[in-house]
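**Student:** Sequence:
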Amino acid sequence: FVERLQKRRRLIQHQHQYKLLRSIPPTSNVVERFFSVARITLGHERNGLHPITLEQILFLRQNASYWNVGTVDGL
Numbered sequence: 663f664v665e666r667l668q669k670r671r672r673l674i675q676h677q678h679q680y681k682l683l684r685s686i687p688p689t690s691n692v693v694e695r696f697f698s699v700a701r702i703t704l705g706h707e708r709n710g711l712h713p714i715t716l717e718q719i720l721f722l723r724q725n726a727s728y729w730n731v732g733t734v735d736g737l
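For the sequence shown, position 8 matches number 670 in my numbering, and the numbering has no gaps at all.
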């Protein structure tokens, strides 16, 4: 009797450890937009783009609010 009770308690403890989900939780919209921009930037025309160049383009697009043509001309 005691063994069954202990086993039941262990099962109950493990059941409450994780919450069951009926669907996959959504990701952040910022992340979704970033992957969308990356897909558009890479595209079929630029499949030979070097990974570092792609990273630089995505970085500049993501941080476009921090620079403009005047900033680039000043360099």
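Derived by calculation from the structure, the hints in this document are not laboratory data. Accuracy of the hints is not assured; some may be wrong.
Pairwise CB distance ranges (calculated) [stated by the list, open to error]:
#, residue 1, residue 2, range
1, N730, G705, 21 to 27 Å
2, F663, F697, 24 to 30 Å
3, F663, N691, 30 to 36 Å
4, R701, Q668, 20 to 26 Å
5, L683, T715, 37 to 43 Å
6, R672, F721, 16 to 22 Å
7, L716, N691, 21 to 27 Å
8, R672, H712, 43 to 49 Å
9, H712, G736, 24 to 30 Å
10, N725, R672, 38 to 44 Å
11, G710, S685, 47 to 53 Å
12, V734, P688, 53 to 59 Å
13, P713, V734, 46 to 52 Å
14, N730, V692, 52 to 58 Å
Computed from a predicted model, the values in this text were never measured in an experiment. Glycine residues also receive a C-beta, built at the ideal position from the N, C-alpha and C atoms.
**Student:** Compare the structure with each hint and give your call.
**Tutor:** Consistency of the hints with the structure:
Checked against the hint of 21 to 27 Å, the C-beta distance between N730 and G705 comes to roughly 25 Å, which is consistent with it. At about 56 Å, the CB distance of F663 to F697 disagrees with the hint of 24 to 30 Å. The beta-carbon spacing between F663 and N691, approximately 54 Å, falls outside the hinted interval of 30 to 36 Å. For R701 and Q668, the Cβ-Cβ distance of about 53 Å falls outside the hinted range of 20 to 26 Å, so the restraint is violated.
Range check, L683 to T715: about 39 Å between beta-carbon atoms, so the 37 to 43 Å window is met. Taking the beta carbon of each, R672 and F721 are about 50 Å apart, not inside 16 to 22 Å as hinted. The given range of 21 to 27 Å is respected by L716 and N691, whose C-beta atoms sit roughly 22 Å from each other. The beta-carbon spacing between R672 and H712, approximately 55 Å, falls outside the hinted interval of 43 to 49 Å.
Taking 24 to 30 Å as the suggested C-beta distance range, the pair H712 and G736 conforms, at roughly 26 Å. A C-beta distance of roughly 51 Å is found between N725 and R672, which places it outside the suggested range of 38 to 44 Å. In this structure the supplied range 47 to 53 Å is violated for G710 paired with S685, their Cβ-Cβ distance being about 38 Å. Restraint check, V734 to P688: a C-beta distance of roughly 36 Å breaks the suggested window 53 to 59 Å.
Taking the beta carbon of each, P713 and V734 are about 22 Å apart, not inside 46 to 52 Å as hinted. Evaluation of the 52 to 58 Å hint for N730 and V692 yields a failure: the beta carbon distance comes to about 22 Å.
In summary, the structure is inconsistent with hints 2, 3, 4, 6, 8, 10, 11, 12, 13, 14 from the numbered list given earlier, while agreeing with the others.
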